[in-house]
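Using the sequences and the accompanying hints, generate a full structural model.
Residues per chain are reported as follows:
Number of protein chains: 2
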Amino acid sequence: MTHTGRKPDEGERYRAILETAARLICERGYEGTSMQEIAAACRMTKAGLYHHIQNKEQLLFAIMNYGMDLFEEQVLSKVQDIADPVERLRACMRHNILLVTRGWSKEVIIILHEHATLTGEARAFIDARKKKYVDFLQEAFAQAAAQGRIRPVDPTIGAFSFLGMVLWIYKWFKPDGRLTDEQIADGMVDLLFPQVAAAGAEGQPGTSPLRVVRPTGTTGPDSSGTGTETP
Amino acid sequence: MTHTGRKPDEGERYRAILETAARLICERGYEGTSMQEIAAACRMTKAGLYHHIQNKEQLLFAIMNYGMDLFEEQVLSKVQDIADPVERLRACMRHNILLVTRGWSKEVIIILHEHATLTGEARAFIDARKKKYVDFLQEAFAQAAAQGRIRPVDPTIGAFSFLGMVLWIYKWFKPDGRLTDEQIADGMVDLLFPQVAAAGAEGQPGTSPLRVVRPTGTTGPDSSGTGTETP
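Chains as they are written, first to last, in this note's numbering: chain A, 187 to 417; chain U, 187 to 417.
If you are wondering where the hints come from, they were derived from the structure by calculation, not from laboratory data. Quick caveat, the model's predicted, so the values are computed rather than measured. You may find that some hints are simply not true.
Copies of the same chain look alike in the list, so a pair counts if it works inside one copy or between any two.
Calculated cross-link-like contacts (lysine-lysine; reagent style BS3-like; alpha-carbon spacing at most 27 Å) [said to hold, decoys possible]:
#1 K242 <-> K318
#2 K318 <-> K357
#3 K264 <-> K242
#4 K317 <-> K357
#5 K232 <-> K318
#6 K264 <-> K232
#7 K360 <-> K318
#8 K357 <-> K232
#9 K317 <-> K264
#10 K232 <-> K242
#11 K264 <-> K292
#12 K317 <-> K232
What follows is the structure, encoded as structure tokens:
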């Protein structure tokens, strides 16, 4: 806007504050983190911080909305138009797992799911945004089950099983551990949504699902799943 | 021990303190709860509380150990001797879900899984107790997969998928909601461990698993699972 040099982008600055605050809150707890400490970590004065953020509850609300923005941009928008419900669920789980494991804003996402400190309208607003995702998952589970593509399961149980598997990864995943995040994504996707023969799956030949057909009466599932799905 | 009337059981008293403290910490956060408030909620003086508990970190450690005791008593001890790995996993998931949904010490279990505030030896001790459960699950997954009874899955991914599904239930289960905890248990158990035909499953006729055989080349899983497993 000005010609006096590159002005720091206001949005960038604001996101940096939210991410720094999220890291602090994850480390010390919401109650255990003061606005003074957040300002110091952002290399700002407390007054400077209050220029961007009204108060601590509003900060938490902003972090959660930012987390939902990230999620919608990096997961939902990438999969919501996939017509086939099982492929939609597989791609969605994969993107969500990678958001959890490699997102550079990991703490933002943790706060989104861990902290129930918001109250009143702010709480209701975030809950409504979360519910949209649950509804999306439930609809996909219901469609997949109606088409006989997955085991019959109550869509709510399906949706929250999906979310539990994905979001629990925060608790145990280590970037330098034995399993890569790709392996975890492949393993969980194949565990919950096995690639069975699909009747009339759409898509170009190159993107159609593997057609794994179970032989009658054998004791177990296929062992050919190599986990190479790349949505 | 004495004949002067029923003396309140020391163990009972101690457990009541842990449960009251757990409820407060769940409501207000660990940092946001003072020993003074915990004493008041227990109808004790602060000095009285310190008679039982050295300090706040020791209190958190005691709550977590108590949570592990409850878990081992109400879940692990009931299932660890089931020879069949799939039946062991099914029964284990069911008991663990019911511990989560109907345990009268729900907050103790939440703290066990949510709070990473412990440090040093206390942290290592609790982590080792938790790891025993993960190892138990991994071993059962590995056995079940080796027998071709479940889809081939890395045992670690299997174990943490199981834990995520079960422990995420805290976040969404409502005792007065549409789904009962029994329905959730049945649904999740059948979703992760479908009752497929088992080669040489042991057990009396009455307790053997349903033999559901998939027809070749159909598009989907069985639709006969009514979720009536009662371990």
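Hints broken by the structure, by number, lowest first?
Structure breaks hints 3, 5, 6, 8, 12.
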